[in-house]
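Each protein sequence line maps, in turn, to chains W and G.
Residues in the first sequence are numbered from 1 upward in steps of one, following the UniProt record's numbering.
Residues in the second sequence are numbered from 1 upward in steps of one, following the UniProt record's numbering.
Because the hints were derived from the structure by calculation, they are not lab data.
Here a beta-carbon is modelled for each residue, glycine too, at the ideal position from N, C-alpha and C.
Where hints are given, some of them may not hold.
Chain W side only, calculated, beta carbon under 7 Å to chain G, not exhaustive [what the hints assert, rightly or not]:
1. Asn82
2. Pro83
3. Arg118
4. Ala219
5. Asn220
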Amino acid sequence: MDQDLLAFIQRVERADTIDALFDRVKEVRALFQVNHAIYHSIQWHGETFALATYSAEWHEYYGGNQMYLIDPVVINAFKKFNPYNWKSLDWDTRKGRKLLQDAIEMGVGNQGLSFPIRGPNGELALFSISHSADDDTWQKFIETHSADLMLIGHYFHEAARRLVLSRDLGDPVALSPREVETLTLLGLGLSRANIAQNLQISEHTLRGYIESSRIKLCANNTTHAVTSAMARGLISI
Amino acid sequence: MLTYLFADQLINKPKLYNSMFQDRAWQFQERLKWDVDVDDTGFERDEYDDMNPLYAIWQKPDGTHGGSMRAMPTSGRCMVNEHFANITGRKISDPKIWESTRFCLSPDLGEQAGRISAALMLAGCEIGLGFNLDRAVGVFDPRMVRIYRRLGWPPEILGATGKGRDKIFVGLWDFSQTVRHALALNAGVSPQVSTLWFDRAFGGVKTIAA
Numbered sequence: 001m002d003q004d005l006l007a008f009i010q011r012v013e014r015a016d017t018i019d020a021l022f023d024r025v026k027e028v029r030a031l032f033q034v035n036h037a038i039y040h041s042i043q044w045h046g047e048t049f050a051l052a053t054y055s056a057e058w059h060e061y062y063g064g065n066q067m068y069l070i071d072p073v074v075i076n077a078f079k080k081f082n083p084y085n086w087k088s089l090d091w092d093t094r095k096g097r098k099l100l101q102d103a104i105e106m107g108v109g110n111q112g113l114s115f116p117i118r119g120p121n122g123e124l125a126l127f128s129i130s131h132s133a134d135d136d137t138w139q140k141f142i143e144t145h146s147a148d149l150m151l152i153g154h155y156f157h158e159a160a161r162r163l164v165l166s167r168d169l170g171d172p173v174a175l176s177p178r179e180v181e182t183l184t185l186l187g188l189g190l191s192r193a194n195i196a197q198n199l200q201i202s203e204h205t206l207r208g209y210i211e212s213s214r215i216k217l218c219a220n221n222t223t224h225a226v227t228s229a230m231a232r233g234l235i236s237i
Numbered sequence: 001m002l003t004y005l006f007a008d009q010l011i012n013k014p015k016l017y018n019s020m021f022q023d024r025a026w027q028f029q030e031r032l033k034w035d036v037d038v039d040d041t042g043f044e045r046d047e048y049d050d051m052n053p054l055y056a057i058w059q060k061p062d063g064t065h066g067g068s069m070r071a072m073p074t075s076g077r078c079m080v081n082e083h084f085a086n087i088t089g090r091k092i093s094d095p096k097i098w099e100s101t102r103f104c105l106s107p108d109l110g111e112q113a114g115r116i117s118a119a120l121m122l123a124g125c126e127i128g129l130g131f132n133l134d135r136a137v138g139v140f141d142p143r144m145v146r147i148y149r150r151l152g153w154p155p156e157i158l159g160a161t162g163k164g165r166d167k168i169f170v171g172l173w174d175f176s177q178t179v180r181h182a183l184a185l186n187a188g189v190s191p192q193v194s195t196l197w198f199d200r201a202f203g204g205v206k207t208i209a210a
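Input sequences plus hints: build the corresponding full structure.
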């Protein structure tokens, strides 16, 4: 488990206002060394908003000209749910070529990567990053970071849902001492084999503790369980 | 060949579209006697087909449907959470777990049936590896348990409900290059060609080397 990623996801989960969430979106730039990041909720029972690091100039140009109506990146997000490289989209129209050209001139970058998000109530959202790089460098970037960025997009969406819908964390959860130890050591980045050795239990038993704490915390996976336990103050790292 | 199409792309291929929904009606209603809806045109479609899912389809040389399955992310609306959460005891909602449903074969495949089943599973594996997913989740009947095992990609069974022929399982699959190669072998498709088919559908975003 990558420590920086885990710490970042935890900070996303702790964001208590839309502004705080916007700050996390801004941090994506430094974390992945890219020009820009944007979380965009598209279809949410009227609740549409974008948290974007683009320049004011670009915002004005893009919004003023209603570019979202012709932007292949946005249009594609309505239809697909697989991650996509902006280069794989169809830009070969007069408006498309102009949009791409203007994006490069106004610092958005010549490359981009998007992660469409489908929510449990059928809502749509999109998490994207953009950058200036040649095709080979960008392909390498995608191969290295795509998995982490997909996860981050999901947590942005979860946080946005929570903030917009004002949901709380749900019922209080009590973890057993063994579950607390297990999640703490996972959070510290130890391997399962290492943790089992540390606690003098078998890996099989360890898996049981991970599963039981994950179920108690209603977490989707181990990373989620660790961050959720941290957010609830059940463990500290 | 394998083709990967979202519903809004499939609709532009009427031959493939029509034959797929007809084959689904034959398999799920006539053969398996599932409680599915078949419309006036003889198509078996459900509400999830209207949510622009992704289909992995084996297309026969004449352009008609040889077999298919439907993929959707579990973070959004999907069958496993809306219809089968009682089997797993909880919802599975994870951007890295996609569900696979409506695994279907054309009725006239003859000896090709095994090979095309393997090809469809290969497509599932390509989707998982290509989009950096962790698992696939699926709902299946006892007959499929044997088929999955024979083709070299048995799921980890999460739970079951019902009895005998009506028993239904929910299971998880892991993705790996080992599985990809084993399925390619059983499908009679070279891994390189499989990669080519996947790239043709999804363009740039790729992480597997052939």
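### Task
Could you work out which earlier hints the structure fails to respect and list their numbers in ascending sequence?
Those not satisfied come down to hint 4.
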